[in-house]
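These protein sequence lines are chains A and B, in that order.
Here our numbering is used: the first residue of the first sequence is 1, the next is one more, and so on.
Here our numbering is used: the first residue of the second sequence is 1, the next is one more, and so on.
It is worth saying that the hints were derived from the structure and are not from the lab.
Treat the hints with care, as some may be off.
To list a few chain B residues with every Cβ distance to chain A over 10 Å, as calculated [as the list claims (entries may be wrong)]:
#	residue
1	W162
2	G230
3	V366
4	V429
Stretch by stretch, here's where chain B covers chain A in the computed footprint (C-beta under 8 Å, at least three residues) [said to hold, decoys possible]:
#	region
5	19 to 33
6	41 to 55
Every residue gets a Cβ at the ideal spot worked out from N, C-alpha and C, and that includes glycine.
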Amino acid sequence: MSTIGYQQWAVDLAQVTSIYPFQGSEIVMTIIGVVFWLGWHKVQFNHENQQMNGASEVENTPSDTS
Amino acid sequence: MDGNLNALTTIFTEFYYWVTVVFMFMIHVGFCLYEVSASRHKNHMHTLMKNVMIIPLVTITFFLFGWWIYWTFPNFPLFGTLDLDAGQNNLPWSETMGPNLNDHITGVFWAAFLLFSWTAASIVSGSVIERIRSSAFWIHAILIGSVFWVIDAAWGWHYAGWMVRELGYHDAYASGVIHAIAGGYALGVLTVLGPRIGKFDSNGVARIIPPHNPWLLAVGIFMIYTGFWGFYAACNVPIISPALIDGQITGATWTATNIYLTPTTLSAITFNFLMSLSGGLMAAYIVSKGDAFWTFSGGLAGIITASAGNDLYHPIQALLIGAVGVICAYKLHYYVERKFKIDDAVGAVAVHGYAGVVGLIISGFVLWGVPSSPFEGYAVINPIGQLLGALIMFGLLGFLPAYLVTRVQSSLGILRIPETIELKGLDFVENQSRELAEEHLVAIEKERSVRDQTQS
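Throw the hints in and build the complete structure from the sequences for me.
What follows is the structure, given as structure tokens:
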């Protein structure tokens, strides 16, 4: 078993094309990539909102130095 | 790869582009240094983060769709449909978009274009510092880096692009396809975003907000110069035979070419890169009366102005064209600032946008009648084609989409940071706990000092 389809390099390289693991699942990998990308934006946007709101609240709160 | 010559050519080309990519990384490092140096202390880390995150966001989107756009859009939508056949091998799920022993070039070629994408986004980044929300900017970074500049490259920076064929558009080292579009895009964002608090006084007169660290800013721009040199090499095909070009060139003499497959040499672009840099520096020194910020930026603007035709210009022409572009960019910067109250924090619209537009227009006259392509049926380079090209780059694909998207962001309230945070500084948001602790200690010290004075 080999994830790239070759268990040894006793081959004519002219016949070799892709050498990455899990060939045939490229579309699934692309979908995962899209989800990762868009998910990052969602998480970042929420995090930034929290930071902005938190900073504004702190700024508007009278400081207690006693 | 069968045959020694074929193998050597393939490996040389692969290595050539790989080296240019590494060089071009310095452009991004330079932009980061430049941008952080131009910002005030209270915004340092936020400014740096905003620019650094261009790298992953533009990279992933350029892999997912940017690269495909370049290959499918050369005639779309005005002169044909999407070229799906050409795009087939450049889809994210294509076998050639990964380790593949039958394809030695796609990855490095993709990376060379990707580094141009980072640059386009990074140009916009500098102009909007200290008041834009990162989330809003990163949407723009993806749009300019993985969509709009790629469309303009397909139209005007591709051997089969419709602008080259129909208009005779010529832009060998990207006066328009990178710089004019990025400058126009930055202006579109700035028009809606507005100036930093305090940039203009109550009479509307612009205040100077100087870079907090001029020395680091200079180092940044020198790194951009260096990376730009790599960019020039990346814009060339290093060596190709007339038979492979399969156009009108006769004989069997191999040559380097620009992106349009018309002949040039590394020697030519080395002459002209350095001479246009020199023309820009000298003109900027005079027009700005020795201002360091403008003199160093002027060197860059000089190269950008001459870039459209630096594959063919005589070095003295490159020198003078670079100088003219800088004078125009400098004057336009202050005119637009006064007239429209545009706060371009690093002068990116001028250095990249105006210089790029001026460079395209000048090249239309200086290179009038020169063949734009080695293939039959293409228009020759001409002033009208270059002027239309400049309008398409700066206005249609740069300013317009940026303005519209920024208006939407503004109407949704997700464009600009709150005023209190802008005054306090964006790093306050990220480093709130530390800042609060420091303020607390200062307050305690003050109170103790007052108490001691009262007791004594």
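How the hints compare with the structure:
The claim that B:W162 is not at the interface with chain A holds, since no C-beta of that chain comes within 10 Å of its own (minimum 29 Å). Residue placement check: B:G230 keeps its beta carbon more than 10 Å from all beta carbons of chain A (closest about 28 Å). Chain A leaves B:V366 outside its interface by the beta-carbon criterion, the shortest separation being 43 Å against a cut-off of 10 Å. With a minimum CB-CB distance of about 4 Å to chain A, B:V429 fails to clear the 10 Å threshold, and the non-interface call is violated.
For the region 19 to 33 of chain A, the stated coverage by chain B holds: 8 residues have a C-beta nearer than 8 Å to a C-beta of that chain, and at least 3 were required. Chain B is given as covering the region 41 to 55 of chain A, and this holds because 8 residues of the stretch bring a CB closer than 8 Å to a CB of that chain, at least three being needed.
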